[in-house]
Amino acid sequence: MKRPEVSPPQPWTFPAPRSERLDNGLLVHTFHRPGQHLIDATMVIDLPLAAEPAGVEGVSTILNRCLDEGTAGHPGTTFADDLESRGAVLGAGSSYDAAHVSFEVPATRLAEALPLFAEAVLEPTLDEADVRRHVQLRLAEIEQQRAHPAHRGAQAFRGAVVGSGYRASRPTAGTGETVARITTADVRAHHCAHYGPQRATLVLAGDFGDSDPKQLVADSFGRWQRTTAAVPHETPLGDEPRALLIHRAGAVQADVRLGQFGIDRTDSRWPALRLGAFVLGGGFLSRLNRVLREERGYTYGVQLANTPARHGGLLALHASFRTEVAAAAVAEARELIRVDGDRAITAAELNEAVNFLVGVAPLRCATASGLTDQMAALVEAGLPSDFVNTHALDLKRVIADEATSAVAQLMPPERLTLVVVGDADALAGPLSDQGFALEVLTDQR
Amino acid sequence: MAHMPAVVRYSLHESTLDNGLRVIINPDDTVPVVAVNLWYDVGSRDESPGRTGLAHLFEHLMFEGSAQTSAGEHLAAIQGVGGSANATTWFDRTNYFETVPTGALDLALWLEAERLGTLDLTQHNLDNQRDVVMEEKRQRYDNVPYGDVLIHLVELAFPVEHPYGHPTIGSMDDLASATLADAQRFFSTHYAPNNAVLTLVGDVRPDDGFRRVARAFGQLPKAPTAVRAPAVPLPPLTGTPRRRVSAAVPADAVYLIWRLPTRDTPAFDAVEVALAVLGDGQTSRLHRRLVRTDLIAEGAGASATGLIGGTSIGFANARALPGATTERLEAAIVEEVERFIAEGPTEAEVDRVKAQYEREWLGELARFDTRADLFSCYATLHGDPDAVNRRLDEVRALSVDDIGRAAAALLAPENRAVLEYRRATA
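Protein chains in written order, with our numbering: chain A, 595 to 1039; chain B, 44 to 469.
The shape of chain A in the complex, shown without the other chains (with noise of 0.2 angstroms):
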């Protein structure tokens, strides 16, 4: 049988949200979908991290987990009992831009189980032994990742290209050092400032039957009457390119990150960028995968990531590599991300990616969840419903220069940093030979 053609993609725009105000300032924004029966919702809170007082940097982490703790109405354990006898589940996390509880639940089982949700974010009790004990399993968690490679290599790799006294560049959930400060009157401090009704958003998604998600809200946030101030975001830059060697004695692979601080969404370059970012190494035949891992077996996978804030970003490309062959693999790879002369990104290239990107927005956004979380993601970002839709046809509107140039702008291969968690011993030669000045560092146990 010969290759059946593909009929283009029937055109689907990401829909628009109803946009209803609370009395007490509340935004809301519901997408009714028919058939998505669990109903996925999610409040984002304008908190940047930056605004943590300096000593105690993650209590908003800290808050987050003890939100589910008890609440006025549900004191101790019977909250999370209560919650759960409903199906429902909540979770909570800060970015740098934002803090988020999500929420899940059953569609018909929403009226009953949203008061609860409430009263995580209005009312949580935030009782002095559940703070202590947050404290200490944040404190056991920060040695969990340590331990852990890849998560070693993403901290140390923020830490070196987002410039030094930045929040963006320490950990969201805080250090060693500034979580065990953490007391309860921090985090009461943090809720009381910063949890109100005008700096927050509620997102929601599902079937919503013939019940009115509007009034359901209402009815269960609309006596939240807090008055907060609005704390400015940080618009952190780069540092200049380090070349950092975190030595695991005897690993069998070495966990690398090279890349560099980079753009946001409201950059010019933005849409440009995703695209080559894609044909470098997005997708499984990128240039960097497809010799990496498909022709020298050095790695089980290679991607380059833009991971956007709502300003600047990340971007930089990952991958693990076993020890022998690691510093070979850098020096191939810094190669592989040249764009200049006749490696520029060409036509069809580009056309693969287009249809790539454009093309998983629906896959992405057909659940309840899906929905919620793209919606989520641009509130947080600070920008409207519609930057999806205005953003698919900016992707089509690139050409392949355009790719090329911000390729070339943001990822100049002698001038970006270069994070490796691996055995030292064995790779610090191969590296240094390569033209990196490193710094070797060695984690205290």
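No wet-lab data here; the hints were simulated from the structure. All C-beta atoms in this analysis are idealised placements derived from N, C-alpha and C, irrespective of residue type, glycine included. Worth double-checking, as some hints may not be accurate.
[Unchecked claim] From the derived model, a few chain A residues whose C-beta atoms are all more than 12 angstroms from chain B:
no.	residue
1	Ile-857
2	Asp-934
3	Asp-980
4	Ala-1002
[Said to hold, decoys possible] Distance windows between CB atoms, simulated:
no.	chain 1	residue 1	chain 2	residue 2	range
5	A	Pro-826	B	Asp-250	52 to 62 angstroms
6	B	Glu-403	A	Asp-934	43 to 53 angstroms
7	B	Ala-290	A	Glu-889	27 to 37 angstroms
8	B	Gly-324	A	Pro-709	18 to 28 angstroms
[Stated by the list, open to error] Stretches of chain A that chain B covers, calculated by requiring three or more beta carbons in the stretch to come under 8 angstroms of a beta carbon on chain B:
no.	region
9	728-736
10	751-757
11	832-840
12	914-924
13	935-941
14	985-993
Mind docking chain B on chain A? Use the hints.
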């Protein structure tokens, strides 16, 4: 008991091609996308001694080209139309899947049929993907703390010669010695339309879908496939087998392991709920006892892994906070298991677990790709994709007594094996 809302039932359309390919279609036009999901009834349980890891290595080779496609083109072609594709290997099966815009359904079907009909097995591809798989093993198992836990667990739970006695990733030695002849034999033994189930979920009408599938797969011949020995359930573990691993882990940890019955039998379902009461989420008994009350663990949990071949496995585990020993963690878990067996669960605990099961189940059904995978799964392992529509009712029907009895019969501490991780001192 808390009220249990009615759930959705998905309409299923079934047909079997002359070559034995079983086709299932669940039309859903809420988004212009189709999920294609193909299960081959072969997993690591079908590997022979000395050839572990072959099922998974073979899954990699399935992406390395066919008569009309070059190496890697399968994935690139799907991505090039705005779709996604992948495959996974497990003890009981190998699944391949694509999610594509409606207009690319024929492409996805053709790519799957191409590689089933004309896979390009070469020494070069084998050597390359063997290296890739070894890097996968290093990255996911060997170079991360506790990455090898599954290897130890199956080795403790099963005799080495048992179909489940080795992990799907296989051993480095066996991977190194796999030959092209092994791969060819594996292909001819297990890859045939009559050893597969193909499910479509999404924007496709059943008659149209069957026609397209027949056009792509209809000419492929039926083939004799391996006959598996009937699965014989293993007796409970005895003598408390114990393994102590000294490793570069940040905290000591302990795992308790039990043998359980075949997946989705009433006894398995009941003991799975029992393990969830013990160890799923922050309301569970182990979390409350070890993390919240005794403050000896940074995490504690319990769960079951259902397998079709006569014996499944159940686990309970905890990771120590500084100052706590694995002995103390193990003693606390054993005490909680004993108390559970003596008292049984409460109605409230069982209702919570059922409510959480419902949410997780609806979450699996919300996505086309995971919904399609469930239909393929139940058709392949249980013979009936419509079992997906009955699953919640089966779980809801379990009583507190069923669950208490299953725990008493299956989770007795004397029938456990134990895995301990001790932090190696540098």
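Hints, one by one, checked against the model:
Look at Ile-857(A): its CB is around 24 angstroms from the nearest CB on chain B, clear of 12 angstroms, so calling it non-interface holds up. At roughly 24 angstroms from the closest C-beta of chain B, the C-beta of Asp-934(A) stays outside 12 angstroms, upholding its exclusion from the interface. Under the 12 angstroms C-beta cut-off, the non-interface status given to Asp-980(A) relative to chain B holds; the minimum distance is some 19 angstroms. For Ala-1002(A), the shortest C-beta to C-beta distance to chain B comes to about 24 angstroms, beyond the 12 angstroms cut-off, and the non-interface label holds.
Separated by about 60 angstroms at the C-beta atoms, Pro-826(A) and Asp-250(B) satisfy the suggested range of 52 to 62 angstroms. Distance hint for Glu-403(B) and Asp-934(A): a CB-CB separation of about 50 angstroms, consistent with the stated range 43 to 53 angstroms. Separation of Ala-290(B) from Glu-889(A) is about 34 angstroms and conforms to the stated range, judged on CB atoms against 27 to 37 angstroms. At roughly 20 angstroms, the beta carbons of Gly-324(B) and Pro-709(A) sit within the given window of 18 to 28 angstroms.
Counting residues of the region 728-736 of chain A whose CB falls under 8 angstroms from any CB of chain B gives 4; the rule of at least 3 is met. Counting residues of the region 751-757 of chain A whose C-beta sits closer than 8 angstroms to any C-beta of chain B gives 0, which falls short of three, so the coverage hint is violated. Counting residues of the region 832-840 of chain A whose C-beta lies closer than 8 angstroms to any C-beta of chain B gives 0; at least three are required, and the coverage claim is violated. Counting residues of the region 914-924 of chain A whose beta carbon lies closer than 8 angstroms to any beta carbon of chain B gives 3, which meets the minimum of three for the stated coverage.
With a threshold of 8 angstroms between beta carbons, the proposed coverage of the region 935-941 of chain A by chain B is violated, since 0 of its residues qualify and at least three are required. Chain B is given as covering the region 985-993 of chain A, and this is violated because 0 residues of the stretch bring a CB closer than 8 angstroms to a CB of that chain, at least three being needed.
The structure fails to meet hints 10, 11, 13 and 14 from the earlier list, while all remaining hints are met.
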